[in-house]
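Visitor: Line by line, the protein sequences are chains D and P. Residues in the first sequence are numbered consecutively from 1, following our numbering. Residues in the second sequence are numbered consecutively from 137, following our numbering.
Calculated directly from the structure, the hints in this document are not laboratory data. In this text, all values refer to a predicted model and were calculated from it rather than measured experimentally. Think of the CB as a built atom: it goes at the ideal place given N, C-alpha and C, for glycine as much as any other residue. You may find that some hints are simply not true.
Stated by the list, open to error - Each computed DSSO-like pair below joins lysine-lysine, with the alpha-carbon atoms no more than 27 Å apart:
(1) D:LYS40 / D:LYS23
(2) D:LYS71 / P:LYS239
(3) P:LYS239 / D:LYS23
(4) P:LYS190 / P:LYS146
(5) P:LYS184 / P:LYS163
(6) P:LYS184 / D:LYS44
(7) D:LYS40 / P:LYS184
(8) D:LYS44 / D:LYS71
(9) P:LYS163 / P:LYS190
(10) D:LYS71 / D:LYS23
(11) P:LYS184 / P:LYS146
(12) D:LYS23 / D:LYS44
As the list claims (entries may be wrong) - Listed next, the stretches of chain D that the computed footprint assigns to chain P, with coverage defined by at least 3 CB atoms under 8 Å from CB atoms of chain P:
(13) 11-19
(14) 35-42
(15) 62-70
(16) 96-105
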Amino acid sequence: MNTEATETLTVVVEREIPFPPEKIWRALTQPHLIEEWLMKSDFKPAVDHRFSFRADWGAVDCQVMAIEPNKTLSYTWAAHGLDSVVTWTLMPAGTGTLLRMEQSGFRPDQKQAFHGARFGWQKFFTGLEEVLARTD
Amino acid sequence: MPNPSDTLFKTLADPTRRAIFEQLCRKGEQTVGALTTQAGVSQPAVSKHLGVLKQAGLVRDRHEGRQTHYSAQLGALGPLIDWTSQMTGFWQSRFDHLEDLLKRMDQ
Numbered sequence: 001m002n003t004e005a006t007e008t009l010t011v012v013v014e015r016e017i018p019f020p021p022e023k024i025w026r027a028l029t030q031p032h033l034i035e036e037w038l039m040k041s042d043f044k045p046a047v048d049h050r051f052s053f054r055a056d057w058g059a060v061d062c063q064v065m066a067i068e069p070n071k072t073l074s075y076t077w078a079a080h081g082l083d084s085v086v087t088w089t090l091m092p093a094g095t096g097t098l099l100r101m102e103q104s105g106f107r108p109d110q111k112q113a114f115h116g117a118r119f120g121w122q123k124f125f126t127g128l129e130e131v132l133a134r135t136d
Numbered sequence: 137m138p139n140p141s142d143t144l145f146k147t148l149a150d151p152t153r154r155a156i157f158e159q160l161c162r163k164g165e166q167t168v169g170a171l172t173t174q175a176g177v178s179q180p181a182v183s184k185h186l187g188v189l190k191q192a193g194l195v196r197d198r199h200e201g202r203q204t205h206y207s208a209q210l211g212a213l214g215p216l217i218d219w220t221s222q223m224t225g226f227w228q229s230r231f232d233h234l235e236d237l238l239k240r241m242d243q
């Protein structure tokens, strides 16, 4: 288990997909394919490239943070007043791929606070679960 | 009007403030004095943090004589929990669409 995932406010979706990483990578990085499963975008596989996802409900502002072809891709994701980072990880699994999406949320001006207090957040959420378990 | 999750993140990003809120969650209603002995900061600082927590709807105060008692309002944490469940649902359905697309794509 990735420790980052348990220490920040994070959403993780993971699925085994019966296709090789190279094929999934194309769907994650080519705009005409991205549009078919996620949203319209002007994505380019270049670090620091700013782009957006557009849907009928609004837009998501993004910037590419890291790229390792067929392995990992991460970009910032700003929408609904909350900034986050979306990280895709592709791991070969038999003839297919274990595809993992991790989204961690924080506000940009609080990046420092979140970083310094990561342990605190984890403790907080664990504590909160205990409290909520006791409450009816 | 700030976004509710925005305010919550900002309020709870401060470790001292979060610790005060945690104390109230664990031990129930407490006075500023009792919170100060555990917080490791001065009473005015604790009062200031409580003011910010109150603004965010995370605590409620009750005056009794010269004392003010504070209690945690767990319902205010809703937007934090909503954000994670909403995004999980969003990505689950996108994974479904992605799988459909991969089936249609050329090798």
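Visitor: For every hint, state whether the structure bears it out.
Guide: Status of each hint after checking the structure:
no., hint, result
1, D:LYS40 / D:LYS23, "19 Å, holds"
2, D:LYS71 / P:LYS239, "20 Å, holds"
3, P:LYS239 / D:LYS23, "10 Å, holds"
4, P:LYS190 / P:LYS146, "13 Å, holds"
5, P:LYS184 / P:LYS163, "20 Å, holds"
6, P:LYS184 / D:LYS44, "46 Å, violated"
7, D:LYS40 / P:LYS184, "45 Å, violated"
8, D:LYS44 / D:LYS71, "16 Å, holds"
9, P:LYS163 / P:LYS190, "18 Å, holds"
10, D:LYS71 / D:LYS23, "12 Å, holds"
11, P:LYS184 / P:LYS146, "15 Å, holds"
12, D:LYS23 / D:LYS44, "17 Å, holds"
13, 11-19, "holds (count 5)"
14, 35-42, "holds (count 3)"
15, 62-70, "violated (count 0)"
16, 96-105, "holds (count 4)"
This entry does not satisfy hints 6, 7, 15, going by the numbered hints stated previously.
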